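Protein chains: 2
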Amino acid sequence: MNRPHNFSAGPCILPLEVFEKASQAVIDFDGSGLSILEISHRSTAFVEVMEKARSLALEHLNLQAKGYKALFMQGGASMQFLMTAYNLLEKKAGYLDTGTWSANAIKEAERFGEVKVLASSKESNYNFIPKNYSIPNGLDYLHCTSNNTIYGTQMKAFPNTGETPLICDMSSDIFSREIDYSQFDLIYAGAQKNMGPAGATLVVVKEDILGKVSRKIPSMMDYELFIKKESMFNTPPVFSVYVSMLTLEWLSRHGGVSAIEKKNRAKSELIYSEIDRNSLFEGFTAKDDRSMMNATFTLKNERLTPLFDKLWQSANLNGLNGHRSVGGYRASMYNALSIESVEVLVDVMKHFEKTI
Amino acid sequence: MNRPHNFSAGPCILPLEVFEKASQAVIDFDGSGLSILEISHRSTAFVEVMEKARSLALEHLNLQAKGYKALFMQGGASMQFLMTAYNLLEKKAGYLDTGTWSANAIKEAERFGEVKVLASSKESNYNFIPKNYSIPNGLDYLHCTSNNTIYGTQMKAFPNTGETPLICDMSSDIFSREIDYSQFDLIYAGAQKNMGPAGATLVVVKEDILGKVSRKIPSMMDYELFIKKESMFNTPPVFSVYVSMLTLEWLSRHGGVSAIEKKNRAKSELIYSEIDRNSLFEGFTAKDDRSMMNATFTLKNERLTPLFDKLWQSANLNGLNGHRSVGGYRASMYNALSIESVEVLVDVMKHFEKTI
Ligand SMILES: Cc1ncc(COP(=O)(O)O)c(C=O)c1O
Ligand SMILES: Cc1ncc(COP(=O)(O)O)c(C=O)c1O
Ligand SMILES: [Mg+2]
Ligand SMILES: [Mg+2]
Ligand SMILES: [Mg+2]
Ligand SMILES: [Mg+2]
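Line order of the protein sequences matches chains A and B. Numbered by UniProt numbering, the letters in the first sequence go through residues 1 to 356 in order. Numbered by UniProt numbering, the letters in the second sequence go through residues 1 to 356 in order.
One chain only, chain A, in its complex shape (with noise of 0.2 Å):
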């Protein structure tokens, strides 16, 4: 079969290998004759896959034994805009305003105390990630998102907050570069890029930053009593947790971050030098905040692109809409995508150039 070469933002491209691996297990997980669907999650089996999948992911960020826990919940990244306010927002935290998931983040947020917005950068549609800013005495915490899937921008540095708690929406970019994990205190990442399918998000948090807020927290919302129950106070999402773990498995097969880090790098470097090369395309972002996950870019001449996107489409490419907030184009290169892909890709861009 020929698969298509999928830049799409997300849901997005799994390892191959990860989805042979899933297809098997729904008709008979390693061996039982049971569906991975249809067993307890109360199970051993299951149980195994649950502590493999949260352990892992503390490894690939060099997490273990520092305090952290790692937890699998339901709901998306946009369950934790809510959550990570219910439990750690007692009077005012601070907020990096850097695309439309900041703004949602902020939105949830002010229900439950004041908001202050650090930085913005919605006055020119997100374009840049703002660098100097001062960080107020006395905030609950600051929230920032580490890659801006939307408009393809990417922190490359992280605000020092000393003592303040650090909290880092990484859904897009997860898994993706090695970075020090550390400086953060709670990182949340939705898991339908870099690490499963979407009903799954990731949620890891340094634990004495918790049960401080004065406020009764629902069970449902409280991370105490998610850690206390191992990640599952209530029935888990087990086919997104089981394919979480088969991805973070194959990740270390691969080398695990540092290996990934660099073909990452080499695939962005090679579709925004030919997005910088071609004389019909330019980048959307400031250039040095080019994401390495989505490379978001636009044709000068719009009425090009219905002629562009009967090409790409003609190629085999999939998913290479830009948001409609950006408008253009978005190569969307998490880590399962092949630098193959992004090879494609650039050919129909000089072929476009040539033939046009």
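Just so you know, the hints here were simulated from the structure itself, not pulled from any lab data. Check the hints yourself; a few may be wrong.
Said to hold, decoys possible - With a straight-line cut-off of 27 Å between C-alpha atoms, the simulated DSSO-like cross-links for lysine-lysine are:
{"id": "1", "chain 1": "A", "residue 1": "K216", "chain 2": "B", "residue 2": "K216"}
{"id": "2", "chain 1": "A", "residue 1": "K216", "chain 2": "B", "residue 2": "K212"}
{"id": "3", "chain 1": "A", "residue 1": "K116", "chain 2": "B", "residue 2": "K216"}
Since this is a predicted model, take the numbers as computed values, not measurements.
With chain A fixed as given, assemble chain B with the ligands onto it according to the hints.
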């Protein structure tokens, strides 16, 4: 392959043809060359899946064009304990306390307003459904649990609440029997029994009961917002919704709820008559309140436990252990379980009686 007879309480057996289609779609969804796990939730193909699942749910409940909307959400039924209260509890709500899940729903609701427990069978370890209780005036809603998965009791009739909205947790018996679903104003059910894999939750809500509380509802808790966004405010649990759609289609092909009810009735009559007949076993619950989905029973002589366990395990039965709150055994016989599996169980019980 000789599949085990799967009596697991949830996640639980789904139709084999659903496993087969789901397995195929993990490799290649509908001939697209893409996995169901890697397609955008905004793609036409997935929007169609979501719409089909939503409309089949209403159809099987006979609730089309009656002011109801079907939503697929995340978080499990436990999240609905919270969301129902968030959206509907202004001052005071009535709850029937018929088991652990009812009790958990009560606990979550108490954070939002006054909770009147109208009746409870807790004192007798929830082995019956309370029937004579009065319903006070001025309730925002009445909440009940149609089937108590752990204890094996099931409501055969529901309170007439007049204008007061009636909310029902149907996690473990939705789509299993023909009742007048229009007596309810809100029904919810975790997918992982009669509908699909863990990770999706069905909510069917009569729109006119919404929008009446004075509190501000966070986006991720807000039924009205999810209705407005056609159940895609954020990334839905794509695969769980897809498999739910497959199961609902399977149900249509097999005669719908009325046909499946006949089969469920036959299965439950078979097991309960053996429990009653067999001198070694006794049922846990009041006979009038016996669940068609979960039959709970115990050995009169507990010391026979290891022998019986060995016997049923060697007969390729799975998931027969009772919940720790009840002990003994629980045969969960959801829609997808064949009567042949129940026959095997009954044979094992008969054989045990003869040989002991
Ligand atoms: C950076 C980021 N944060 C949050 C979200 C929202 O995630 P979800 O749809 O899982 O709620 C997305 C979705 O694409 C995202 O890219
Ligand atoms: C009747 C009932 N309600 C609620 C729940 C809790 O569901 P979840 O684990 O999806 O939160 C269950 C779980 O088995 C149940 O059987
Ligand atoms: Mg710090
Ligand atoms: Mg250019
Ligand atoms: Mg009514
Ligand atoms: Mg008996």
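### Task
Would you pick out the hints that fail for this structure and give their numbers low to high?
Structure breaks no hint.
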